[in-house]
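Visitor: Sequence:
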Amino acid sequence: MIIDNFNLKKAVLLLAIRYTIYVLLILFCGCATTPSTLYEKPTGEYVWPPPPATPRIKWLTQWSNRYDFSGQPSAMLEVLIGRERVEKLRRPNDVVSDTAGNVYVADSEFHIVFVFDQEKHTLRFLGMGTVAAPVGLAMDNKRGVIYVSDTRLKKVFALDKNDGRTVMVLGGPGEFQSPAGMVFDDEKDRLYVADTRNHIVKVYDKDGRPLFTIGKRGNGDGELNFPSYLALDRNGRLYVVDSFNFRIQIFDREGKFLKKFGSLGDASGYFSRPKGIGVDSEGHIYVVDSSFNNFQIFNDEGRLLLWIGNVGGRPGEFYLPEGMYIDKEDRIYVADTWNRRVQVFQYLKEKK
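In this note's numbering, the protein residues as written are 6 to 357.
To be clear, the hints were calculated from the coordinates, so they are not data collected in a lab.
Ideal Cβ placement from N, Cα and C applies to all residues, glycine included.
Wrong hints could be hidden among the right ones.
[Unchecked claim] DSS-like mimics (lysine-lysine), calculated; alpha carbons at most 25 angstroms apart, straight line:
1) Lys261 x Lys221
2) Lys333 x Lys356
3) Lys63 x Lys46
4) Lys193 x Lys125
5) Lys193 x Lys147
6) Lys211 x Lys147
7) Lys147 x Lys125
8) Lys356 x Lys63
9) Lys193 x Lys264
10) Lys63 x Lys160
11) Lys193 x Lys160
12) Lys63 x Lys354
13) Lys193 x Lys333
14) Lys125 x Lys333
15) Lys354 x Lys211
16) Lys211 x Lys193
17) Lys93 x Lys46
18) Lys221 x Lys193
19) Lys125 x Lys93
20) Lys159 x Lys211
21) Lys221 x Lys211
22) Lys160 x Lys147
23) Lys265 x Lys193
24) Lys265 x Lys211
25) Lys147 x Lys333
26) Lys264 x Lys63
27) Lys261 x Lys211
28) Lys125 x Lys46
29) Lys221 x Lys265
30) Lys211 x Lys160
31) Lys159 x Lys221
[As the list claims (entries may be wrong)] Label pairs and their computed distance ranges (CB to CB):
32) Gln123 x Arg157: 21 to 31 angstroms
33) Gly49 x Leu263: 39 to 49 angstroms
34) Pro54 x Arg148: 36 to 46 angstroms
35) Lys221 x Pro56: 41 to 51 angstroms
Generate the whole structure from the sequences, applying the supplied hints.
Guide: Below, the structure written as structure tokens:
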């Protein structure tokens with residue numbers, strides 16, 4: 006009993022010392038980032054173009070870790086027993102959302118898909134122990150299936166979006182070299198997969214049967230050089246980021262070449278490292294450029310309308326962004342890769 010009392014007093018004393026150190030740190034290092042501010046979301050209104058011009062794009066929020074739902078961590082707990090394990094994005098490559106507004110993020114460093122579940126108000130995960138290097142995502146809303154491309158395993162996994170169960174696997178021997186960006190056509194029940202190192206886009210039906218391919222390596226119309234990300238517009242036109250040709254190519258659903266725009270350059274309206282792509286309800290084309298740390302907005306003819314972003318960590322700033330997705334409500338999701346977050350914007354339609 007004497008030994009127990011001694012150990013108890015020792016433990017209490019140790020806790021008191023740790024608490025005192027914590028208080029002193031707060032008092033003398035108040036200017037530093039503390040646990041209470043480390044996980045706070047930015048506040049304020051951010052719009053582009055800035056006033057007095059009419060705003061067309063508005064920053065909404067960002068998603069990065071479990072505290073986006075569950076509030077701030079306990080600073081006292083972190084000091085007394087060590088830092089809590091924080092489930093935070095490490096390398097988000099692509100992003101997609103479902104009809105309920107839940108946000109799915111492929112994290113190639115954590116080897117999982119983060120799900121910021123706004124229905125259940127929690128953070129959960131898909132693909133643990135299944136995927137190795139998730140890069141691209143696509144959502145089949147009718148069947149509740151999310152497709153995940155894996156560049157390391159050279160496969161595409163179809164997972165149940167709720168429980169993560171593997172529904173289907175695409176990718177037999179030699180089928181893919183480097184599956185990357187994807188998009189699912191809800192109307193035709195088709196999955197389009199950019200096979201980057203094969204320089205083609207592969208098309209599958211909802212049961213995983215191959216239908217046809219689009220492109221071959223080259224720089225002519227309809228030819229591709231390391232295609233990366235894909236998007237579909239409301240009319241079913243397919244947009245392909247033709248990365249090493251530094252352009253966007255547009256095809257119909259059956260793979261017929263329609264038009265192209267873009268070229269290599271270091272000024273607005275040109276491309277350096279084009280990545281994610283999306284199209285809003287009015288046909289504006291959004292292209293992420295990782296080198297420029299921004300996304301540019303073009304009209305249907307490829308004329309630059311507006312660009313948003315530069316290097317930094319504030320709202321509307323980026324650090325080597327990659328994937329992009331635009332939902333039916335014209336919410337714009339950007340995988341801000343090395344800022345380890347997803348930023349969400351809103352396209353503001355013109356009032357009629």
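Visitor: Name the hints, by number, that the structure is in violation of.
Guide: Hints 4, 10, 15, 24 and 26 contradicted; others consistent.
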